[in-house]
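Chains as they are written, first to last, in my numbering: chain A, 1 to 485; chain B, 1001 to 1046.
Simulated from the structure, these hints should not be mistaken for laboratory data. Watch out, some of these pointers could steer you wrong.
Computed list of lysine-lysine pairs in DSS-like fashion (alpha-carbon distance at most 27 Å, straight line) [said to hold, decoys possible]:
#1 LYS326(A) / LYS449(A)
#2 LYS148(A) / LYS475(A)
#3 LYS326(A) / LYS148(A)
#4 LYS261(A) / LYS202(A)
#5 LYS402(A) / LYS338(A)
#6 LYS1037(B) / LYS332(A)
#7 LYS475(A) / LYS402(A)
#8 LYS338(A) / LYS320(A)
#9 LYS320(A) / LYS363(A)
#10 LYS122(A) / LYS261(A)
#11 LYS319(A) / LYS1037(B)
#12 LYS464(A) / LYS36(A)
#13 LYS449(A) / LYS1037(B)
#14 LYS402(A) / LYS1037(B)
#15 LYS1037(B) / LYS464(A)
Below, a sample of chain A positions facing chain B; criterion: calculated Cβ distance under 7 Å [to be verified]:
#16 GLY70
#17 MET160
#18 HIS197
#19 ALA412
#20 THR430
#21 PRO442
#22 GLU443
#23 TYR444
#24 PHE450
#25 GLY456
#26 SER457
#27 TRP461
#28 PRO484
Heads up, the beta-carbon is just placed ideally off N, CA and C, and yes, glycines get one too.
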Amino acid sequence: MARVVILGAGIAGHTAALFARRRLPRSHQVIVVSPKDIYNWIPSNIWVGVGAMSSREVVVPLRPVYAKMGIDFVQGRAVEIHPEGTGAVGTPRVVVENTGEEATGQRREIGYDYLINATGPKLNFAATPGLGPEGFTQSVCTYEHADKAAGAFLAAVEEMKKGRTQTLLIGTGHGMCTCEGAAFEFVLNVEFELRRHQVRDKARVVFISNEPELGDFGVGGMHFKRGGYVVSSKLFAESLFVERGVEWITGAHVQKVEAGKVFYETLDGENHEAAFDFAMLLPPFTGTGMKALDRAGQDITADLFMPNGFMKVDADYSKKDYAQWKAADWPKTYRNPKYANIFAVGIAFAPPHAITRPRVSAKGTPISPAPPRTGMPSAIIGRVVANNIADLVLGRTQRRPKTASMAALGAACVASAGANWWSGTAASMTMYPIVPDFERFPEYGRDLKFTFGDIGSAGHWIKKILHYLFIYKAKALPMWWMIPE
Amino acid sequence: MSVNKTDQQAPLPTHSTRFFRTFVPWQLLKFILINLKMIRMIRRSH
Ligand SMILES: Cc1cc2nc3c(=O)[nH]c(=O)nc-3n(C[C@H](O)[C@H](O)[C@H](O)COP(=O)(O)OP(=O)(O)OC[C@H]3O[C@@H](n4cnc5c(N)ncnc54)[C@H](O)[C@@H]3O)c2cc1C
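For reference, chain A alone in the conformation it holds in the complex:
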């Protein structure tokens, strides 16, 4: 009997757990460890954050799903990995701190044959003083945050209905943030909702981002064919903003937030302040801070994790200049180079470098998007790794492991701009590959046949349908596995 332990029940971990269970006979055990017994379809938090969807609609209770599928669930937070065992026990294990209602804080050890780290990001609000729901700004990174953001947003709408002008500031809360696409989508939804509430004329909507220019999205921007031209995502995004009267600040590192005010530095080294009544600023991400120890109890965290807390996998982590970055630097099988039975999927794996060219301000402050690992690649990587582990468990070692490099995966990004079937629209963008490969596609780094952008209700319908499909899949309802990631 083999035991596969998956840390994290987010998009990557939950997908990995379902596919591992589907491939492995019940004589093998699949265990999921996660601090909450609830799955959150995070992309739809955008709609929760403007009060257009309830948080109940974006979550799935995990226990019934796992009971039905034959997956064991441990409600807890992994805190230590012992890849060589501990003391007299020479088999690998993880230490988990209980987060359930019973015995909260108690620690237990769980042995594993294969370990998948799918712990996603730590939302590092602490990197910017005053940032986050405990400070002066909102977030939509969790469904609880999104609920709170909706309350603050609707309060601002009420103020506008009373005739008071409000400034709404939306974007990234630090120079090294990722996930700019989420902030972009949120600002478009906020603008749509303001019109729906008939208070648009009372609102000043400002987007603030660490991207060097609009439309960068942490992937160095993209190009697509439109109207007989190849246009950049910069023009596409700027057009959307100008049309909607959204102002923007790019190349910005938010240094600190006080009540109603952000302080930020821009790439030219200048310091600025901006006042706001409502702000939703995403935090930067780090790894979740698990430690690794050898059998003697020595700290070997640096063998498993990069300094930013993300896990080392089969990527080329050697320090290189932007000009030397290659598609081949990106991991393919997501296996830890030192411990072959440990894998990391989704946001938890350490990317070899950024995708957007790194920039520092005139004062030397790094202001540059970190590489995104969005839902689609996170889930594909989760599935591929789970299937490869199943092959190992079943002794199918003659099969070559499947690969899922982000330099060979595409991504679809549908940024909804309003949650209404008829008047809502969305900017649908797809790119292939996510990491540009200038050896294969010398001109733009991407295949323009598969990279496109479009705006209209069709995109909104796709986004809404995807919401229901992914919730269906998360519930492991009949034929769930036929729904692509």
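Place chain B with the ligand on chain A using the hints.
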């Protein structure tokens, strides 16, 4: 705050472009086309 307000370089949609963005028959066709494009891209990624 120094912000970029109306970048005149940004192309703005014409009235008809805006109309077609929410014109249901046209969007139904787009819905099919975008889905086909996405399926091709997803196939390539799987
Ligand atoms: C507001 C927002 C909107 C987005 N919209 C889109 C979109 O439209 N399209 C798209 O493709 N992507 C989108 N993304 C990105 C997408 O949500 C992420 O790519 C995806 O969630 C990453 O999956 P993950 O499993 O790596 O991490 P997560 O989904 O964050 O899951 C991590 C899991 O690990 C658990 N965990 C944490 N620490 C531990 C620990 N120590 N031990 C055990 N478990 C732990 C967490 O509780 C969680 O269950 C959006 C992100 C945000 C924030």
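Hints, one by one, checked against the model:
1. LYS326(A) / LYS449(A): holds (22 Å)
2. LYS148(A) / LYS475(A): Holds, at about 26 Å.
3. LYS326(A) / LYS148(A): violated (42 Å)
4. LYS261(A) / LYS202(A): Satisfied, since the Cα-Cα distance of roughly 19 Å is no more than 27 Å.
5. LYS402(A) / LYS338(A): With Cα atoms ~20 Å apart, LYS402(A) and LYS338(A) stay inside 27 Å; holds.
6. LYS1037(B) / LYS332(A): holds (25 Å)
7. LYS475(A) / LYS402(A): holds (26 Å)
8. LYS338(A) / LYS320(A): Roughly 22 Å separates the two Cα atoms, so the pair holds.
9. LYS320(A) / LYS363(A): holds (22 Å)
10. LYS122(A) / LYS261(A): holds (25 Å)
11. LYS319(A) / LYS1037(B): violated (37 Å)
12. LYS464(A) / LYS36(A): holds (25 Å)
13. LYS449(A) / LYS1037(B): Measuring from Cα to Cα gives roughly 9 Å; hence the hint holds.
14. LYS402(A) / LYS1037(B): holds (24 Å)
15. LYS1037(B) / LYS464(A): Cα-Cα ~18 Å, so holds.
16. GLY70: Since chain B brings no Cβ nearer than about 25 Å to GLY70(A), farther than 7 Å, the hint is violated.
17. MET160: violated (20 Å)
18. HIS197: Violated: closest Cβ of chain B sits about 19 Å from HIS197(A), beyond 7 Å.
19. ALA412: Nearest chain B Cβ about 5 Å off; hint holds.
20. THR430: Result: holds, 5 Å to nearest chain B Cβ.
21. PRO442: violated (19 Å)
22. GLU443: violated (19 Å)
23. TYR444: violated (15 Å)
24. PHE450: Constraint on PHE450(A) satisfied, holds at 4 Å.
25. GLY456: holds (4 Å)
26. SER457: holds (4 Å)
27. TRP461: holds (6 Å)
28. PRO484: This hint holds: PRO484(A) lies near chain B, its Cβ roughly 5 Å from the closest one there, short of 7 Å.
When held up to the earlier numbered hints, the structure conflicts with 3, 11, 16, 17, 18, 21, 22 and 23 and fits the remainder.
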